[in-house]
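J.: Residues per chain, in single letters:
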Amino acid sequence: MGEFRMPSLGADMESGTLLEWRVQPGDAVHKGDIVAVVDTDKSAIEVEIFESGVIGELLVPVGDKVPVGTLLATVLPPGATLATPPAAPPAAPAPAEVPAPRAAPAEVPAPPAAAVARAAAPHASHLVSPVVRHLAERLGVDLDSVAPTGAGGRITRADVERAAPEVAAPPPAPAPAPAPAPEPSPAVAAAPAPGRPRSSPYARRLAAERGVDLADVAGSGPDGAVVAGDVTAAPSAAAPAPAPAAPAPAAPAARTGADRQASMRRAIAASMERSKREIPHYYVGLDIELGAATAWLDAANAERPVAERLLPAVLLLKAAALAARALPELNGFWVDGGFRPADHVHLGVAVSLRGGGLVAPAIHDADTLGLDELMAALRDLVGRARAGRLRSSEMADPTITVTNLGDQGVTTVYAVITPPQVAMVGFGRVAERPWAEGGMVGPRPVVTATLAADHRVTDGLRGARFLTTIDKLLHAPEDL
Amino acid sequence: MTDQELRDVVLAALGRIAPEADLGSLDPDVDLADQLDLDSMDTLNLVIGIHEATGIEIPERDYPKLASIDAAVAYLAARPRSAP
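Top to bottom, those sequences are chains A and B.
The first sequence begins at 1 in this note's numbering and counts up by one.
The second sequence begins at 1 in this note's numbering and counts up by one.
FYI, nobody ran anything at the bench for these hints, they're computed from the structure.
Using N, Cα and C, we set each Cβ at its ideal position, and we do this for glycine too.
Do not take every clue at face value.
Distance windows between CB atoms, simulated [claimed, not checked]:
| # | chain 1 | residue 1 | chain 2 | residue 2 | range |
| --- | --- | --- | --- | --- | --- |
| 1 | B | D27 | A | A270 | 31 to 39 Å |
| 2 | A | D372 | B | K65 | 25 to 33 Å |
| 3 | B | A77 | A | A299 | 27 to 35 Å |
| 4 | A | F50 | B | D62 | 45 to 53 Å |
| 5 | B | V30 | A | T412 | 25 to 33 Å |
| 6 | A | Q24 | B | K65 | 51 to 59 Å |
Chain A with its partners taken away, still in its complex shape (with noise of 0.2 Å):
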């Protein structure tokens, strides 16, 4: 059986809180879907699935902080069905019941033990995952009053959602629970917001799907929005999220602008320390003539509508990748005491937030794209990472980064590299400079470049042959 985990969405992540998940038990899925979104301490984070097949049960509730690893489902070969396969909710049987407010009632297999860091709780007697215990808490459920009908006395998910208080449902439904919970259901759904909620396409279309009025839906996004999760929670677990005796924590916290602003400058403060901690810097620069680039990049502009046109930036990421595969020892990551180069160049692009902080997610095989697929890349995932909404692959694996401090005006960048990457390239602004060459002094466009290395990679010569490298590249711009 296939497993969905946890990714590691960068060196410096250790846990990730499931915002969303984008898949149903049964839904076939394709490698490089994506199946869910994670929030990390930098953004939100839409998930692919590195293998096709079919997911069989979603084991992590939406909201829950998780460890780098955790399983959060599984995932069944291509073709497959789903043994229980999940109760129908509209269609359900029996027309006054609530409908059945999860998938399959299947067992809940438990994760690996280390992966959910939660401490036991003390219900020694019965078997049961801490994914159902969490939900047991999350529906204010007391694990001993529960009937156990899974295997070998275990209880499963399907009992705790039994043993749910129904609360909060629009019709008074007669409760079909066996094992009433003792415990007192504040019988309060969270206020509605006035107007239309904020909530994810996804939920908007599960809701409408479910007959779910998301006004009636507690939203535990981001600001309060409604996303899938909610929706498919909506009949039970819409009122025990503000409980005020519940003992874990209520509902997923929705981040604000201030709490994300402080996280991420906690990861990326954790990053840089373990940056400068641990990797003996070196740096060269170079200044590069651009008269060449500027004059190709002008005339290509001038006949391209406004949508096509190239940034300079463009260019010089282009030149970088490029040297990036001429220098293997330069693209590439630490780990374990030894240096491993990658076998591509996913080029890393920093790109600043509105509001302070930082992105560096991956521009894949850059080195391979042609200037307009660069540009198109470059748009795309600058306006995604502004919006808060880069794949995983995105944010695991650049191989080297490129960071352009040219608009702020600065003319030198001296970067720092993040590990365990080996090698960081900054481009300042390009201006017009006095350039002398053959014997003439002339005004210019220059940049200057520079590149942060890992010495325990590479050397200064290295280092120095990497800059050169991108000033000849500069002087063809049409061969980039």
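Chain B: place on chain A using the hints.
T.: Chain B alone, transformed into the frame defined by chain A:
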């Protein structure tokens, strides 16, 4: 297009680039790059947004003329327009 319409076009494009900004509080004759932290990608997106809404072609050398809201409106009002 009236100046007001052009102003609305510029503000709408800025709203897409910097959705978190309070556009009402922008000073119309102060540099946008300073007020909104615009970079070259943002400027390009501004130009694309204006072009899509008005059909006005803005050559690269004229980008500096869009520095503030007032400057952009004055510049656009004086530009010939092709069909959008």
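J.: Does each hint hold? Answer for all of them.
T.: Outcome of the hint check:
1. Checking the proposed 31 to 39 Å range against B/D27 and A/A270 shows it holds: the Cβ atoms sit about 38 Å from each other.
2. Under the hint 25 to 33 Å, the C-beta atoms of A/D372 and B/K65, about 26 Å apart, fit the expected range.
3. In this structure the supplied range 27 to 35 Å holds for B/A77 paired with A/A299, their Cβ-Cβ distance being about 29 Å.
4. For the pair A/F50 and B/D62, the beta carbons lie near 47 Å from each other, so the given range of 45 to 53 Å is met.
5. Checked against the given bound of 25 to 33 Å, the beta carbons of B/V30 and A/T412, roughly 28 Å apart, stay inside it.
6. One distance hint, 51 to 59 Å for the beta-carbon pair A/Q24 and B/K65, holds here, with the actual separation near 52 Å.
Going down the numbered hints, you'll see the structure goes against none, and every one checks out.
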